[in-house]
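Colleague: Single-letter residue listing:
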Amino acid sequence: MAAVLGISAHYHDAAAALVVDGRIVAAMQEERFSRIKNDPSLPRRAARACLALGNIAAADLDAVVFYENPYAKLERVVVSLAREYPRSFRQFSPALGGQLGSKLWVLDQIADMLGVERRIVRFVEHHESHAACAFLCSPYAHAAVLTVDGVGEAATTALWRGEGSSLRCLGAIDFPHSLGLLYAAFTAYLGFEVNEGEYKVMGLAAHGRPRYRDELSRVLRLEADGSFTLEPRFFAHATDTDVGFSPALEALLGPRRPPGRPFDLDSNEDDRRCADVAASLQVATEEALLGLARAARERTGATALCLAGGVALNALANARLAREAGFERVFVPPAAGDAGGALGAALLGSRDLGDPRPAPLATAALGEPFDTGAAVDLARALGLAALPVADASAAAAVRIAAGKVVALCRGRFEFGPRALGQRSLLADATRAESRDRLNRVIKQREPFRPFAPSVTAAAAAALFVGAPNDMTPFMTTVCRIDPGRAATLPAVVHVDGTARVQTVTEPSAPDLAPILAALERETGVPVVLNTSLNGAGEPIVAGPVEALAFFLQHPVDALVVGDALIERSPA
Amino acid sequence: MSESVLTLRPFVARVTNRFVWRSPRRAARILFSFAHAEAASQVDLIVAAQLTSSPVRRALYVRHALDETRHAKLFSLRSAELLGKLGLPPLGIVRPDAEDLFERLGEVGFLAFVHRGEQRGRRQFDSYRDHFARRGDERMRALFDAVLVDERRHEEYTGTLLREVAGGERAARRALRAAAAWEAWRTWRRAGRALAGAVYGAAMSVLYVGLAPLLLALRPLLRERRRWVGAERTGAGGRS
Amino acid sequence: MSARRGFLRRLASRAVTLGGLLGHFAHRRRFFLVPLVLVLLAAAVLLAATGGLAYVAPFLYTLF
Numbered sequence: 241m242a243a244v245l246g247i248s249a250h251y252h253d254a255a256a257a258l259v260v261d262g263r264i265v266a267a268m269q270e271e272r273f274s275r276i277k278n279d280p281s282l283p284r285r286a287a288r289a290c291l292a293l294g295n296i297a298a299a300d301l302d303a304v305v306f307y308e309n310p311y312a313k314l315e316r317v318v319v320s321l322a323r324e325y326p327r328s329f330r331q332f333s334p335a336l337g338g339q340l341g342s343k344l345w346v347l348d349q350i351a352d353m354l355g356v357e358r359r360i361v362r363f364v365e366h367h368e369s370h371a372a373c374a375f376l377c378s379p380y381a382h383a384a385v386l387t388v389d390g391v392g393e394a395a396t397t398a399l400w401r402g403e404g405s406s407l408r409c410l411g412a413i414d415f416p417h418s419l420g421l422l423y424a425a426f427t428a429y430l431g432f433e434v435n436e437g438e439y440k441v442m443g444l445a446a447h448g449r450p451r452y453r454d455e456l457s458r459v460l461r462l463e464a465d466g467s468f469t470l471e472p473r474f475f476a477h478a479t480d481t482d483v484g485f486s487p488a489l490e491a492l493l494g495p496r497r498p499p500g501r502p503f504d505l506d507s508n509e510d511d512r513r514c515a516d517v518a519a520s521l522q523v524a525t526e527e528a529l530l531g532l533a534r535a536a537r538e539r540t541g542a543t544a545l546c547l548a549g550g551v552a553l554n555a556l557a558n559a560r561l562a563r564e565a566g567f568e569r570v571f572v573p574p575a576a577g578d579a580g581g582a583l584g585a586a587l588l589g590s591r592d593l594g595d596p597r598p599a600p601l602a603t604a605a606l607g608e609p610f611d612t613g614a615a616v617d618l619a620r621a622l623g624l625a626a627l628p629v630a631d632a633s634a635a636a637a638v639r640i641a642a643g644k645v646v647a648l649c650r651g652r653f654e655f656g657p658r659a660l661g662q663r664s665l666l667a668d669a670t671r672a673e674s675r676d677r678l679n680r681v682i683k684q685r686e687p688f689r690p691f692a693p694s695v696t697a698a699a700a701a702a703l704f705v706g707a708p709n710d711m712t713p714f715m716t717t718v719c720r721i722d723p724g725r726a727a728t729l730p731a732v733v734h735v736d737g738t739a740r741v742q743t744v745t746e747p748s749a750p751d752l753a754p755i756l757a758a759l760e761r762e763t764g765v766p767v768v769l770n771t772s773l774n775g776a777g778e779p780i781v782a783g784p785v786e787a788l789a790f791f792l793q794h795p796v797d798a799l800v801v802g803d804a805l806i807e808r809s810p811a
Numbered sequence: 013m014s015e016s017v018l019t020l021r022p023f024v025a026r027v028t029n030r031f032v033w034r035s036p037r038r039a040a041r042i043l044f045s046f047a048h049a050e051a052a053s054q055v056d057l058i059v060a061a062q063l064t065s066s067p068v069r070r071a072l073y074v075r076h077a078l079d080e081t082r083h084a085k086l087f088s089l090r091s092a093e094l095l096g097k098l099g100l101p102p103l104g105i106v107r108p109d110a111e112d113l114f115e116r117l118g119e120v121g122f123l124a125f126v127h128r129g130e131q132r133g134r135r136q137f138d139s140y141r142d143h144f145a146r147r148g149d150e151r152m153r154a155l156f157d158a159v160l161v162d163e164r165r166h167e168e169y170t171g172t173l174l175r176e177v178a179g180g181e182r183a184a185r186r187a188l189r190a191a192a193a194w195e196a197w198r199t200w201r202r203a204g205r206a207l208a209g210a211v212y213g214a215a216m217s218v219l220y221v222g223l224a225p226l227l228l229a230l231r232p233l234l235r236e237r238r239r240w241v242g243a244e245r246t247g248a249g250g251r252s
Numbered sequence: 012m013s014a015r016r017g018f019l020r021r022l023a024s025r026a027v028t029l030g031g032l033l034g035h036f037a038h039r040r041r042f043f044l045v046p047l048v049l050v051l052l053a054a055a056v057l058l059a060a061t062g063g064l065a066y067v068a069p070f071l072y073t074l075f
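Residue numbers (the working numbering), protein chains in the order written: chain A, 241 to 811; chain B, 13 to 252; chain C, 12 to 75.
None of these hints come from the bench; they were simulated from the model. Values in this document were obtained by computation on a predicted structure and should not be read as measured data. Please note: incorrect hints may appear among the correct ones.
[To be verified] Calculated cross-link-like contacts (lysine to any residue; reagent style SDA-like; alpha-carbon spacing at most 25 Å): (1) A/K683 to A/D797; (2) B/K85 to A/Y439; (3) A/K343 to B/P101; (4) B/K97 to A/E509; (5) A/K277 to B/R165; (6) B/K85 to B/V27; (7) B/K97 to A/A630; (8) A/K277 to A/P334; (9) A/K644 to A/A630; (10) B/K97 to A/K277; (11) A/K343 to B/R165; (12) B/K97 to A/D797.
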């Protein structure tokens, strides 16, 4: 019986996760505390919060497990620099400085940060941590596991066989052949910020036609064995990490889109070209993933597939895998990226100390609980009236049905990039103006970005094709809306007829389920537009301070904090 | 501070502002740097609001943070406008960084630091506002005027809070001196790091060139390996 | 005394990491990378030296 803390840090989206006696106690991203988006620094506050929730002191930990092998990472960096000699001149000094100055010593830094003995701090391989997060949190006893990201130590893609508590690596693809880096390079090419803009590329893809498939096939070659290779002359990963793509890519597809230029798909020819590039990229990525998944099915004979790594955040691709890869079931955890590596590391550490595999992940609500009392006190100090209501869920539902935007802060905040009803902005999915108002005024996003629906699991099957499934509780896939119902939910259906659906039950989203039930009683439609509670460029709200700051700064109509309601103007 | 320095400062600012704000491109970069500083301040204040034990101070820090957010937006929009007139794209998204000031300095130290920062900002923006008023640039004058309203309020309330939390005027002055010393040491270390970084970069460049025979000889041994089919290894447990 | 103990503990911790690094290369049997490891050590020494330089660099800069 052991207490194990998992840590991810130093690259992007640092996080900490605590597993005690084989049970997941807590998992949180550092950005929620530091308020720095995708904060990569050591997750000091997240670790403290995990320990506090588990009622454990750091000194009582049996192991602290880091999600990557720092020695193998250094080796790969040195080997890459040597391979690219002399073109790696610009990277040599900063790359080695970064590794030798800080990243190599991460295990010592963790020991110092927590005040624990160095001997209990260890590491696991990066892709193994992703695989563990996916498989050990899934409901499957046996599965094929695919981990696909930018790059770990050296691997960018790995195939695993999951059986019971064990994971066996069957093969890998190494840097520089990477779907994650491919997508990142195109994100930069399309004028978005890398590690932030990939979702935007996905949303943009639906507005384009994949007329650059031939060109993409010269960039990304699909092999007969299911693997893939990138053509190096189109990329600059080893020589110029600022941009990631070379002039050859611009010669192939046209000039890059200038960052920061507002999108105008209606009248700007170049923006339409970019949408077509995004669509072509999406198709190419999906086909590469399909090749990997079909190879996985052949190698393992499994009927279930688990996916993790940053590329598994591509919900469109996940839906295509579920339809076409030949698996009966597919699971993607809520924190499929690097944050999930912390949870995977903790689970591996726990397993290796003899603890059983945890129960299948039922909810992503693994963060700190919301302090309603502190929120009410702060609201009053800020001159806001925070009124207790008998039934906050019903009060929220009434306002949503009336076309108002309601912010919801209840229970424990979510682990991962999606808001799943713990820290959400909710609006009426049946009104198109909900989407326009949220995009333009509140979230200040590009106009082509879609919003996602949350629907009761019971009603999902009638509205969305293929829902519910193993991915929909965590919003890690998209589903096509029933064609007969598309007109009824204009705020949440994308131009291609799909939606990134969350199916809601009491266990999966304990604070959203009663609101949907009340909404169904109010309007007959148990669907709500659900987007994350955060301003542009900010991490999702965690506690009372950020929640009230958000409310004061954005024209949201009401804020539900626990069983209290704060309104801008009374209903 | 001596009378002569106080009289000298506006004169120096008048002379330097002419050069500082001469080019629209440079002006856009400066405004973007102000946006970055305001955004960083916003993050520090939100964290301070999370960590302070006082509900009253929590609310004050939140209000202050909201002002900083607004300022960051004003500066970055104006920066983008200036660049847009030159046909150039904006300088990017404002991404604040964090120094964990509240935890590092404690609440008294944090208040002293913020108070000094607001005072410095207010003086600096006063001189910029005057400069643009003399030049007849109404938009820039109005921008700094709008920000100054808040800066004055921030300077005042942080001074009051500092005296209250530190426990009196003398303790507050002591805290301000400690904050000044900490800032000076931080500036020293930043300059040192920048210079040391330059020296390291130069030395590593020499090393890189000197390594040519070794690295070129090693390149054939470092070919990519294919591990996709048939490579089996167990998912072993952690090592130290 | 406690500061010294803290320093010794940190030193011991980094020694464990260095041992892990050398063990990694030995385990992988990539002995031909040993010259590169030596390069790394040279880079690390440079980094440490210039890191120390960071404390006095502004002083030197103003002198020269």
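Colleague: So, for every hint listed, does it hold in this structure?
Modeller: Going down the list of hints, with the structure as the test:
| no. | hint | in the structure |
| --- | --- | --- |
| 1 | A/K683 to A/D797 | holds (14 Å) |
| 2 | B/K85 to A/Y439 | holds (24 Å) |
| 3 | A/K343 to B/P101 | violated (34 Å) |
| 4 | B/K97 to A/E509 | holds (22 Å) |
| 5 | A/K277 to B/R165 | violated (29 Å) |
| 6 | B/K85 to B/V27 | violated (28 Å) |
| 7 | B/K97 to A/A630 | violated (55 Å) |
| 8 | A/K277 to A/P334 | holds (23 Å) |
| 9 | A/K644 to A/A630 | holds (20 Å) |
| 10 | B/K97 to A/K277 | violated (30 Å) |
| 11 | A/K343 to B/R165 | violated (43 Å) |
| 12 | B/K97 to A/D797 | violated (37 Å) |
Checked against the numbered hints above, the structure breaks hints 3, 5, 6, 7, 10, 11, 12 and satisfies the rest.
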